[in-house]
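Place chain B on chain A using the hints.
There are 2 protein chains.
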Amino acid sequence: MTTTDALHPFDAAIALTAEADGRFHGKTAPAYANMVGPFGGITSATLLRAIEQHPERLGDPLSLTVNFAGPIADGDFEIAVRPARTNRTTQHWVIELSQGGVVTTTATAVFGIRRDTWADGEATMPVVPAPEDVERSGFPDFISWAGNYEMRFTEGAIPEKEGENPDSTTTMWVRDTPARPLDFASLTSLCDVFYPRVFLRMGTYLPAGTVSLTIYFHADAAELAAQGTDPLLGTASSARFSRGYFDQSAQLWSRTGTLLATTHQIVYFKG
Amino acid sequence: MTTTDALHPFDAAIALTAEADGRFHGKTAPAYANMVGPFGGITSATLLRAIEQHPERLGDPLSLTVNFAGPIADGDFEIAVRPARTNRTTQHWVIELSQGGVVTTTATAVFGIRRDTWADGEATMPVVPAPEDVERSGFPDFISWAGNYEMRFTEGAIPEKEGENPDSTTTMWVRDTPARPLDFASLTSLCDVFYPRVFLRMGTYLPAGTVSLTIYFHADAAELAAQGTDPLLGTASSARFSRGYFDQSAQLWSRTGTLLATTHQIVYFKG
Chain A
1 MTTTDALHPF DAAIALTAEA DGRFHGKTAP AYANMVGPFG GITSATLLRA
51 IEQHPERLGD PLSLTVNFAG PIADGDFEIA VRPARTNRTT QHWVIELSQG
101 GVVTTTATAV FGIRRDTWAD GEATMPVVPA PEDVERSGFP DFISWAGNYE
151 MRFTEGAIPE KEGENPDSTT TMWVRDTPAR PLDFASLTSL CDVFYPRVFL
201 RMGTYLPAGT VSLTIYFHAD AAELAAQGTD PLLGTASSAR FSRGYFDQSA
251 QLWSRTGTLL ATTHQIVYFK G
Chain B
1 MTTTDALHPF DAAIALTAEA DGRFHGKTAP AYANMVGPFG GITSATLLRA
51 IEQHPERLGD PLSLTVNFAG PIADGDFEIA VRPARTNRTT QHWVIELSQG
101 GVVTTTATAV FGIRRDTWAD GEATMPVVPA PEDVERSGFP DFISWAGNYE
151 MRFTEGAIPE KEGENPDSTT TMWVRDTPAR PLDFASLTSL CDVFYPRVFL
201 RMGTYLPAGT VSLTIYFHAD AAELAAQGTD PLLGTASSAR FSRGYFDQSA
251 QLWSRTGTLL ATTHQIVYFK G
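If you're matching them up, the sequences are chains A and B in order.
For what it's worth, the UniProt record's numbering labels the leading residue of the first sequence as 1, then goes sequentially.
For what it's worth, the UniProt record's numbering labels the leading residue of the second sequence as 1, then goes sequentially.
Accuracy of the hints is not assured; some may be wrong.
Chain copies aren't distinguished; within one or between two, either way the pair holds.
[To be verified] List of simulated lysine to aspartate or glutamate pairs, DMTMM-like, C-alpha gap at most 25 angstroms:
#: 1; residue 1: 27; residue 2: 11
#: 2; residue 1: 27; residue 2: 223
#: 3; residue 1: 270; residue 2: 116
#: 4; residue 1: 270; residue 2: 122
#: 5; residue 1: 27; residue 2: 155
#: 6; residue 1: 270; residue 2: 76
#: 7; residue 1: 161; residue 2: 122
#: 8; residue 1: 270; residue 2: 220
#: 9; residue 1: 270; residue 2: 135
#: 10; residue 1: 27; residue 2: 176
#: 11; residue 1: 27; residue 2: 133
#: 12; residue 1: 161; residue 2: 135
Because the hints were derived from the structure by calculation, they are not lab data.
Being a predicted model, the structure only gives us computed values, none of them experimental.
Extracted from the complex, chain A is given alone in its bound form (with noise of 0.2 angstroms):
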């Protein structure tokens, strides 16, 4: 698609071609690829984007989940989005994405509109180095996803040797490469930037993947504008690893301490 050519590889992976009845085409990007199928960060703003461009869409998103149900083949893909319920201030949205008429992937948002009220962030950022000290590294290369993030990492970095690890924290400062401005596309495909943390745990590789992922959005617009291409201090860990599944929950925070967004999701492992 030449018309994408100029895009920011995030832009482009994300791109859909709006259609009849609320309905998106689209197609995977091999950049974003993971081990099987697409990230699940991309799959997640992907069907972000979907409501963001639907023509009926009100205010900005609060929460969305997405449930993995079945592996997304390299290629062509299609997402019905509805409107369950309009309120004045809110919007309830269901979403599937599809290959072939098969059922891959469901979401469901709520997004609304936001007026001034009390406020407080109680969670507290960790303490870490400014992301300037701190070494750049990532993933192994055959993780093609990971080559669009610049992750540093000043606890819990994925583990080069065999070894089981107390914690599960992972800390990290990280941000799109190339550098582009935060919006709630890009900060929905960073809450699942975090590697399962059963790896963390065990000291290697297994199977594993996201079932269900959850996001608030505590950001309004004008934070995510403040962000600008600005590293988040991401971190991670996990409460709970019994029989096949594990949950992980994270915070994504700006530098100046203000909290973007809280994730959760359950996660399958083989191990």
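Below, chain B alone, put in the same frame as chain A:
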């Protein structure tokens, strides 16, 4: 309905009549009423129960997300349940509750068959007195649903006098009253028993309601059976309150330190 007279009030409240094509019919229960419409926990449990009663259901719940799109009026409702995709060991569900053709609630769920793997509980249970050593208290009488729960707060009881709190944490022992053996449906409802954290922070009641609720079921059927009617320890807190919304995360533990569920929600407030 005379057939439900002998049931526990919880079972009576979530009772459904199966109709054709994955549709179920139910009725709101005054015993589980909230300020406006039913308690979100009982609605969530009812949606889970609809899947449990679906003839194609595979395995046990792994995750559930419920979006409260609009108020549910006292009276009859209909639930449409659809298995969007069934894999070998997991199954993805899309659910909608409606009244007179108007959607009030959307949901997705993942069910699955668990198998033995490496396991570890990483989160730590709060250190509190035994439930027998904590006085029973509760909510004001005008909150009907709370009368079905025996609550023993060790931290962050519902505020009785005006005054801000610096911390949004509530920790309590909680179980159904009359006592009822724990199952996935009652665990679902228990995930929503934490009153809005903004009441605690601001030290006063104000209009507030859950917008979207997600539950990760860590317990398997055997762990639930082992719990029986013993109280669960629940602890909940928020990360950020901003421009009309806040998040709220909670853990539910067995007395013996098994993390049964983790749950997250985003809540609307006006203050």
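(request) Check residue 161 against residue 122 for me: Cα-Cα at most 25 angstroms, and say if that holds within a copy, between copies, both or neither. (result) So residue 161 and residue 122 pass the 25 angstroms test across copies only (22 angstroms; inside, 37 angstroms).
(message) At most 25 angstroms between CA atoms: does that hold for residue 270 and residue 122 within a copy, between copies, both, or neither?
(response) between (36 angstroms within a copy, 18 angstroms between copies)
(request) With 25 angstroms as the alpha-carbon cut-off, assign the pair residue 270 and residue 76 to within, between, both or neither. (result) Classified as neither: same-chain Cα gap 29 angstroms, cross-chain 43 angstroms, threshold 25 angstroms.
(message) My question is about residue 27 and residue 133: at a cut-off of 25 angstroms on alpha-carbon distance, are they close within one copy, between copies, both, or neither?
(response) neither (38 angstroms within a copy, 60 angstroms between copies)
(request) Since the copies are identical, ignore which copy is meant and state whether residue 27 and residue 223 lie within 25 angstroms (CA to CA) inside a copy, between copies, both or neither. (result) neither (31 angstroms within a copy, 43 angstroms between copies)
(request) At 25 angstroms max between alpha carbons, let me know whether residue 27 reaches residue 155 within a copy, between copies, both or neither. (result) Neither: 35 angstroms inside a chain and 51 angstroms across chains, both beyond 25 angstroms.
(request) Using 25 angstroms as the alpha carbon limit, work out where residue 27 and residue 176 are close: within a copy, between copies, both or neither. (result) within (20 angstroms within a copy, 49 angstroms between copies)
(request) Tell me, please, which holds for residue 161 and residue 135 at an alpha-carbon limit of 25 angstroms: within, between, both or neither? (result) within (19 angstroms within a copy, 51 angstroms between copies)
(request) Indicate which option fits the pair residue 270, residue 116 if close means a Cα-Cα distance not exceeding 25 angstroms: within, between, both or neither. (result) The answer is between: 9 angstroms across copies meets 25 angstroms, while 46 angstroms in one copy does not.
(request) Give the relationship of residue 270 and residue 220 under a CA distance limit of 25 angstroms: within one copy only, between copies only, both, or neither. (result) between (38 angstroms within a copy, 17 angstroms between copies)
(request) At 25 angstroms max between alpha carbons, let me know whether residue 27 reaches residue 11 within a copy, between copies, both or neither. (result) So residue 27 and residue 11 pass the 25 angstroms test inside one copy only (12 angstroms; across, 47 angstroms).
(request) Using 25 angstroms as the alpha carbon limit, work out where residue 270 and residue 135 are close: within a copy, between copies, both or neither. (result) Neither, since 32 angstroms and 44 angstroms both go past 25 angstroms.
Hint compliance for this structure: hints 2, 5, 6, 9, 11 are broken, all remaining hints hold.
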